[in-house]
Amino acid sequence: MSKLPTFNSLALLGVPFDDNSSFERGPAKAPAVIKNVLAHGSLNKGTELGVNLADNPQWQIADDVSFSAYKSMPYGFNHDIEQAALAQLSAGNLCLSLGGDHSVSYPLLKAYAQHFPELTILHIDAHSDLYDSFKGNPYSNACPFARVMEDGLCQRLVQVGIRTLNAHQIAQAEKFSVEMFEMRHWPLAKPLSFETPVYLSLDIDGIDPAFAPGVSHREPGGLTTREVINLIHQIDAPLVGADIVEFNPNRDIDGVTAQVAAKLTKELAGKIIQSSLNG
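For what it's worth, our numbering labels the leading residue of the sequence shown as 3, then goes sequentially.
These are computed hints drawn from the structure, not numbers from a lab. Among the clues, some could well be false.
Claimed, not checked - Pairs of lysine-lysine, DSSO-like flavour, derived with a Cα cap of 27 Å:
| # | residue 1 | residue 2 |
| --- | --- | --- |
| 1 | K137 | K31 |
| 2 | K112 | K73 |
| 3 | K31 | K5 |
| 4 | K112 | K177 |
| 5 | K37 | K5 |
| 6 | K177 | K192 |
| 7 | K5 | K112 |
| 8 | K137 | K112 |
| 9 | K137 | K73 |
| 10 | K37 | K112 |
| 11 | K31 | K265 |
| 12 | K265 | K37 |
| 13 | K37 | K47 |
| 14 | K192 | K265 |
| 15 | K137 | K177 |
| 16 | K73 | K31 |
| 17 | K47 | K265 |
| 18 | K112 | K31 |
Kindly generate the complete structure, drawing on both the sequences and the hints.
Below is the structure:
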């Protein structure tokens, strides 16, 4: 593995955007809800890996993405999100981003590819999000990883939790040489292993709706919260960035999914700080 660029801290970046949601709006509300749980909820600031986020100079809360170009140029949301992530990376901050629908991952990864030419994406999701276009929109939340692979933004795409494939998605996965681990084959025969820095894109609907009902697309038969946390902890290469997407507060029940999303935010932050900022 080549030497990593030097980064000093981790920025929590809110991306309140859901205009590319293919079914229901609501994920734009998620960053504020998750931040509120982190700041005022019952969770403390300690992570399972022993990283304490309280008064930690390596843990920064950034301003949310501002969507100025989106109002004046076609698909300007891509520009706004990419530039916000680039500003953080250029300032020496890795990004843990809170969406938003899954379309935000494409511009985030465009920014990351400029700093990490060797990158593996670990994608946890019920859906492969590999449509070439969905309902006429090539930037739908059903399409981000088709755009990522077309642009060569990673060396390797590994997908876990998939359980909604159709013929087009299978063809796309074969076209782009995606390593796909479907839920029907769970558990994994052996742990995942990585040879380059890892970026994790975590769609909350990858988790079974029994544990996280606050999503637009409830797809039974998914991962448990514990299994997702274990996958995060077991990443055996530097985790250099992540996004948590598709939490829809409009669909939540008694704040359960908000707590899950906040817990995952903490554990991702701890893993990124431990693996990419502390040596």
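For each hint, the structure was consulted:
1. K137 <-> K31: holds (24 Å)
2. K112 <-> K73: It holds: about 21 Å lies between the C-alpha atoms, which stays within 27 Å.
3. K31 <-> K5: This hinted pair is violated, its Cα atoms lying about 37 Å apart.
4. K112 <-> K177: Cα-Cα ~20 Å, so holds.
5. K37 <-> K5: Given pair K37, K5 is violated - Cα atoms ~33 Å apart, limit 27 Å.
6. K177 <-> K192: Distance ~25 Å between K177 and K192 Cα, so the pair holds.
7. K5 <-> K112: holds (20 Å)
8. K137 <-> K112: holds (23 Å)
9. K137 <-> K73: holds (22 Å)
10. K37 <-> K112: holds (25 Å)
11. K31 <-> K265: holds (17 Å)
12. K265 <-> K37: Holds, at about 11 Å.
13. K37 <-> K47: holds (12 Å)
14. K192 <-> K265: Given that 27 Å is the threshold and the Cα spacing comes to 26 Å, the pair holds.
15. K137 <-> K177: Between K137 and K177 the Cα gap is close to 21 Å, so the pair holds against 27 Å.
16. K73 <-> K31: Answer holds: K73 to K31 is near 19 Å, not above 27 Å.
17. K47 <-> K265: holds (10 Å)
18. K112 <-> K31: holds (24 Å)
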